[in-house]
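Chains U and A, in that order, are what the protein sequence lines are.
Heads up: take any position in the first sequence, counting from 1, add 870, and you land on the numbering used here.
Heads up: take any position in the second sequence, counting from 1, add 1, and you land on the numbering used here.
Misleading hints may appear alongside valid ones.
Simulated DEER-style distance windows between Cβ atoms [stated by the list, open to error]: (1) Pro1060/U / Thr144/A: 50 to 60 Å; (2) Leu91/A / Ala984/U: 24 to 34 Å; (3) Leu911/U / Phe232/A: 55 to 65 Å; (4) Lys81/A / Ala968/U: 35 to 45 Å; (5) Ser1018/U / Ser122/A: 26 to 36 Å; (6) Leu1152/U / Arg154/A: 42 to 52 Å; (7) Arg1151/U / Lys226/A: 20 to 30 Å; (8) Leu1152/U / Ile40/A: 31 to 41 Å; (9) Pro933/U / Leu51/A: 26 to 36 Å; (10) Phe1070/U / Phe48/A: 30 to 40 Å; (11) Ala984/U / Lys226/A: 46 to 56 Å; (12) Val36/A / Pro1060/U: 38 to 48 Å; (13) Gly99/A / Gly1058/U: 22 to 32 Å.
To be clear about the criterion: a stretch of chain U counts as covered by chain A if any three or more of its residues have a C-beta under 8 Å from a C-beta of chain A, and this derived list gives those stretches [as the list claims (entries may be wrong)]: (14) 1056–1065; (15) 1133–1141.
No lab work stands behind these hints, which were simulated from the structure alone.
The beta-carbon is built from N, C-alpha and C at its ideal position, and this holds for glycine as well.
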Amino acid sequence: MTALSVPPTRAWTLDRVSGLRARPGTVVALAVVAFIVLAALVPGLLTSHSPNAIDLQHSLGKPSLAHPFGTDAAGRDLFTRVVYGTRQSLGIGLGATALAMFIAIVLGFSAGLAGGWVDVVITRVLEVAFAFPVLLLALLLISIRGPSMGTELIAVGIGSAPGYARMVRGQVLNVRESGYVEAAGALGHPRRTVIRRHLFPNAMRPLVAVMTLGVGQSIVWASGLAFLGLGVAPPSPEWGALLDSGRDYITTQWWLEILPGLLIVVVALAVTSLGRTLQHRLEGASR
Amino acid sequence: MSAVTLDTGPTVARLSARSGVRTARTVALKVVTAVLVLIAAASVTFFAQLLIPGDRATTILNLKTGRAQTYSPSELAPVKAKFGFDHPVLVQYLHYVGGLFKGNLGTSYTQYRPVTQVIGSEIVPSLVLTLLALVVAWVLALTVTLLTVKRGRVATALGSGWESLTASLPPYWIGVVLLVVFSVELRIFPVIGGDGVSGTVLPVLTLAIPLAGFLGQVTRDEFEKVLDQPFITTARTRGMGDTAVRLRHALRHSVIPAITLSGWALGALLSGAVIAENIFGRPGIGQVLVTAVNTRDVPTVSGIVLVVAAVYVVANLLVDLTYRLVDPRLGARS
């Protein structure tokens, strides 16, 4: 008796829960993203210190009102350095995702549109690529080219491309079979027009959300490389580089390591939750 | 495929015999595919070594002397002979791939020893760490999911909130936080652990916590779907209690996607192990790998990458085969 009345009640409850959870979360996530975009564009607006102002009198200071994240070994304000490092970190995240997406679109569309042996070859290549974890592929590339910001960006981009490529291929196959593409072909539109006007936009739409998630992921991976001392080198205020230099003080001034790390976590969480919200919206719209 | 006629007994017997042959053929095909994937992976690492800017023999000598200079052909000749660079690329390639079947991963550019010796026994603590992390992640994920899935608004929100939070935490940050809390402040574990029990707890947690969040998310989605299935309602109408329904019926179905992902997770865990081992100073391939990347010892990096790829391929093959043996629907489909 109770069992039969349960399903509708649950659906209603879950709906309400997800509705309540999404709204305040989205607002916070948007605020975080707005903050880092602002930090990347006009860092001077968010802090009055200079990222390179050395003050040996106040080195390795605890977090305080004047220095919310404390000060590093040279007495530089860590919060200011984090703010000024945003441009580079966000740049790596966006650049790596753009590179990954470019590779994915080329591979995914070739496989999905050409079909036949092209599809078989690309699918097999992706299968091999999946055997390499992103971090290890990145390390292999760094050992060949030496650590630098460019290598880091390329490494993370190439490493995350296979996952996107598989999604793009799936989307293309999906959309290609849909009624409106068939209809456009039947109406006599040339193949190129059908691809440009119908296939491309519709196949890519759900991937917008995935790309948003990818930017957060790329920032995390890039900072992981720098954490190992194999990314952007320390004098730079790039987030990973801050983690790298903070490692020396884990046992004594832990906030120099944990606070920049916390910022990366918060940004990754915000971008992820924004991506999820976007995903739900786009999926809802396409239904 | 031709249509199956719904006939009497003999047809059914013939069909099942044929499906047995088909299963055997599928298994053989899967194994061959796995070997081919590994050969392809080895090709990638081989050609990656050709991408080293400049002449490789010069690079090796420069790594040794710590200078950047050019050498005379007579100085380069012994290096070329030792590393086999005097052969054509195709011969080098065949030698490299052929060597893999004999357990040879090439020669280190900086230590002049076989890569297998450089990696040596370091792979063991890393595999121990990885497997322990996988087990702990499963225990954590199942506990949280079973306790919170469809248990009312608050519990569900807490459970899925915990999962999405932990799933997006980077391992290096969890590691550092655990290190600061348990080693620096509370002094429960040593700061530099080694590979004993006390040095293993924190690295395992570092890897297990984010994976548990991820496995939990996947299992929760499936659990919610399964609990709405008719057979669950049937079990309930027979008078089965809620806990029994969850443990005996729902759990079995809802862990399947997460098991499939566990093969993939092993690869991700091994790369996470590189970071965890570096944070906690735990011996393993992580230390060897970072040193090799720093000294531009490409063959050693390639070797480690290949070993990890092999672990990934074998784990996925096992997961795949287990399914085909356990779930008859899969064997018939492909």
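Whether the CB-CB distance between Leu91/A and Ala984/U falls inside 24 to 34 Å: With a Cβ separation near 29 Å, Leu91/A and Ala984/U satisfy 24 to 34 Å, so the hint holds.
Distance restraint evaluation - Ser1018/U, Ser122/A, Cβ atoms, bounds 26 to 36 Å: holds (33 Å)
CB of Pro1060/U to CB of Thr144/A, is that within 50 to 60 Å? holds (58 Å)
If I claimed the Cβ atoms of Leu1152/U and Arg154/A lie 42 to 52 Å apart, would that claim hold in this structure? violated (26 Å)
Hint says 38 to 48 Å; check whether the CB-CB distance for Val36/A and Pro1060/U agrees. holds (45 Å)
Can the suggested window of 20 to 30 Å be confirmed for the beta-carbon pair Arg1151/U and Lys226/A? Taking Cβ atoms as reference, Arg1151/U and Lys226/A lie about 22 Å apart, which means the hint holds.
Look at the Cβ atoms of Leu911/U and Phe232/A and judge whether their distance stays inside 55 to 65 Å. Check passed, 56 Å falls within 55 to 65 Å.
Cβ-Cβ distance between Phe1070/U and Phe48/A: within 30 to 40 Å? holds (32 Å)
Per the hint of 35 to 45 Å, is the separation of the Cβ atoms of Lys81/A and Ala968/U within bounds? holds (41 Å)
Given coverage of the stretch 1056–1065 of chain U by chain A, checked by CB-CB distance under 8 Å (3 or more): violated (count 0)
Does the Cβ-Cβ separation between Gly99/A and Gly1058/U fall within 22 to 32 Å? violated (56 Å)
State, for the Cβ atoms of Ala984/U and Lys226/A, whether the hinted interval 46 to 56 Å holds or is violated. Distance hint for Ala984/U, Lys226/A is violated at roughly 36 Å.
Checked against the numbered hints given earlier, the structure breaks hints 6, 9, 11, 13, 14 and satisfies all the rest.
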